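Going down the list, the sequences are from chains A, B, C and D.
My numbering numbers the first residue of the first sequence as 1 and each following residue consecutively.
My numbering numbers the first residue of the second sequence as 1 and each following residue consecutively.
My numbering numbers the first residue of the third sequence as 1 and each following residue consecutively.
My numbering numbers the first residue of the fourth sequence as 1 and each following residue consecutively.
In short, the hints are calculated from the structure, not lab data.
This one's a predicted model, so the numbers in the text were calculated from it and none came from an experiment.
Only true hints are included.
PhoX-like cross-link-like pairs, simulated, lysine-lysine; straight-line CA separation at most 20 Å:
1. LYS29/D to LYS92/C
2. LYS92/C to LYS22/D
3. LYS58/D to LYS58/B
4. LYS58/C to LYS57/A
5. LYS58/C to LYS58/A
6. LYS92/B to LYS22/A
7. LYS83/C to LYS19/D
Residue-level listing of the chains:
4 protein chains.
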Amino acid sequence: MIIAQLSIAPVGVGTSLSKYVKIVIETLKKEQIHFESNAMATVIETEDIETLFAVVKKAHMAMRSTGVNRIITELKIDDRIDKNATAQSKIKAIQ
Amino acid sequence: MIIAQLSIAPVGVGTSLSKYVKIVIETLKKEQIHFESNAMATVIETEDIETLFAVVKKAHMAMRSTGVNRIITELKIDDRIDKNATAQSKIKAIQ
Amino acid sequence: MIIAQLSIAPVGVGTSLSKYVKIVIETLKKEQIHFESNAMATVIETEDIETLFAVVKKAHMAMRSTGVNRIITELKIDDRIDKNATAQSKIKAIQ
Amino acid sequence: MIIAQLSIAPVGVGTSLSKYVKIVIETLKKEQIHFESNAMATVIETEDIETLFAVVKKAHMAMRSTGVNRIITELKIDDRIDKNATAQSKIKAIQ
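Generate coordinates for the entire structure from the input sequences, incorporating the hints supplied.
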């Protein structure tokens, strides 16, 4: 299981970005993945790295389709190879 | 209100880092701030930028006090000046 | 042109990571892209987003092939759609 | 020596940010630190963590003084405790 942190933000469309962030979230909802958004980013869980990159590309392209002139996309991947970590098991481990 | 995303990880102490992440969380608990940890980072809310930097420095120093040889600390600050955004209001805006 | 910032680091292999970072750089050298490493990350320029994701996946997989148990990969993409920005033009603009 | 990667960007001031990034760089120039900007961020070297946070706060406040409504500041700290790493020694190690 791959756990990742994703943030996609448009530049040059004003101070409030929530309308645009919603488009990213709607795109993620259509995928067969588990994700949860917090105030700063969205934590995504995917089966493998191929699925993750495919999903991130779709989300980035969804932001592009809004017609914005610049996009900042940030992705942090935690690829745990020695055991099957999930977002839930990671949170449980620090409690 | 300042909303920030914080991650503090030691390098060179093995594959599992949860024992060390707990130390950061214990440090945050002693502060007069609101925070919530997810699988990839901790979202912090502070009154002002001074408080945020003071808290992050304390958390980084708590990691140092464990005797680790290297620390990677990552901080992303969302400083909304035109209105009083909170972690909760940001999440509500994207739902 | 897509400009991106990439960092791929193994976890659990000791304090010094340069031996592993070299593997990422060797992988990037085999690609038809322009890139430059600094002390904290590697700045990459690619023609399009597909090429970028393909290159990042290759670099991540090169790190996996070393046999490490955990990898933290960080990618920040600056996708400027309204004009053809390059790493060089961005640096020139702030001088 | 602390090595860090800093990025400070205003939100809601249009697509081009170079005018604002220059203000951050001018602020850094007044400090007794070594730094170098690339196309995605600025790599900073400071003697200790206190100096780093003081400098980052000054740079963030310089961005605030421009009157922008929202600022995204990103800081990644590489705190190597077991040896005196510099930006130059880190780059040399991966060549």
